[in-house]
Amino acid sequence: MSNVICSCLLGDNAKVRLRLSQLLHSEIEDIYGKISDDEDNRPICEIELQGCRREFFDNPDSLPLGVGQQVIVATDGGYDYGVVYSTGRIALKKLKLKGLDKPGSERLEILRLADEQDMLVISELKRRKEEIRETCLGKVKKHDLDLKLVDVELRMDQQKLSVYYTSSHRVDFRSLVRDLAGEFKARIQMVQITTREEARRANSFGPCGCLLCCSSWLPKIHANPFAEKSPFVEGANSDSHAFNITGICNR
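Mapping the sequence shown onto the numbering used here, position 25 (from 1) lands on 25, and the numbers just tick up by one.
The hints are simulated quantities; they were obtained by calculation from the structure and are not laboratory data.
Virtual Cβ for every residue (Gly too), placed ideally from N, Cα, C.
Any given hint could be a false lead.
To be verified - Derived DSS-like pairs (lysine-lysine); straight-line CA-CA distance at most 27 Å:
{"no.": "1", "residue 1": "K126", "residue 2": "K141"}
{"no.": "2", "residue 1": "K139", "residue 2": "K129"}
{"no.": "3", "residue 1": "K185", "residue 2": "K160"}
{"no.": "4", "residue 1": "K139", "residue 2": "K185"}
{"no.": "5", "residue 1": "K126", "residue 2": "K185"}
{"no.": "6", "residue 1": "K102", "residue 2": "K126"}
{"no.": "7", "residue 1": "K160", "residue 2": "K142"}
{"no.": "8", "residue 1": "K185", "residue 2": "K129"}
Stated by the list, open to error - The following label-pair restraints were derived from C-beta to C-beta distances:
{"no.": "9", "residue 1": "S62", "residue 2": "Q117", "range": "22 to 30 Å"}
{"no.": "10", "residue 1": "L100", "residue 2": "C213", "range": "18 to 26 Å"}
{"no.": "11", "residue 1": "G182", "residue 2": "D115", "range": "29 to 37 Å"}
{"no.": "12", "residue 1": "S105", "residue 2": "Q192", "range": "24 to 32 Å"}
{"no.": "13", "residue 1": "L97", "residue 2": "R178", "range": "27 to 35 Å"}
{"no.": "14", "residue 1": "E124", "residue 2": "L63", "range": "43 to 51 Å"}
{"no.": "15", "residue 1": "V191", "residue 2": "G66", "range": "25 to 33 Å"}
{"no.": "16", "residue 1": "S175", "residue 2": "G104", "range": "22 to 30 Å"}
{"no.": "17", "residue 1": "L63", "residue 2": "R170", "range": "42 to 50 Å"}
All chains should be built: construct the whole structure from the sequences, respecting the hints.
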């Protein structure tokens, strides 16, 4: 698998996904009908964050948000940036489909729309991303750790650096964490991921020529869309067909 990492946000593939989401929102009444008085209309938005992650946030100030707008959102102990992926009825229906609308469920909030100063900070973070990754790679080699560095995410407030990696066994990275914390003056989070998560973060294309399912529509990357085989899949036992339904993660 390629080591080239796509930050996803506002990349070419992300622009295609956002355009499709915009088209869906424009046809909302044709799909679901006109909104009724008793329909749930909580101000909830789905936000795409770094690494193709999408999470739901409350919009307590009822900001007039549209798909594709950049926003600043609250995180655990800080703040970060993201892009509005869905709003209104569509976001609510996604929330319910994922079972995240249970009573008492708490969500973080959208703080504000990104202003010019925020955009400058975001641009600088994107510019530094490859530099940060190269620094982390150097530290991994320095400590002679048997792991593959996949991606890095420096939060917008620069108080937290998440390092995503794959490894076939448990790794003692305590010395690496101390080194990185001293280098970036931030809290370091080491996150071991699977090959499917690695593929999703690559935001690449599958053998079918389309954007990877796990980067675009598949809600749970550990789910296998072919677990319940259709008659078409059952009847196609050739090696070539098996290749066609196997992702770049070989799963």
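Do the hints match the structure? See the list:
no.	hint	result
1	K126 <-> K141	24 Å, holds
2	K139 <-> K129	15 Å, holds
3	K185 <-> K160	9 Å, holds
4	K139 <-> K185	15 Å, holds
5	K126 <-> K185	18 Å, holds
6	K102 <-> K126	36 Å, violated
7	K160 <-> K142	22 Å, holds
8	K185 <-> K129	16 Å, holds
9	S62 <-> Q117: 22 to 30 Å	23 Å, holds
10	L100 <-> C213: 18 to 26 Å	21 Å, holds
11	G182 <-> D115: 29 to 37 Å	32 Å, holds
12	S105 <-> Q192: 24 to 32 Å	27 Å, holds
13	L97 <-> R178: 27 to 35 Å	42 Å, violated
14	E124 <-> L63: 43 to 51 Å	24 Å, violated
15	V191 <-> G66: 25 to 33 Å	31 Å, holds
16	S175 <-> G104: 22 to 30 Å	41 Å, violated
17	L63 <-> R170: 42 to 50 Å	44 Å, holds
In this structure, the hints that do not hold are numbers 6, 13, 14 and 16, in rising order.
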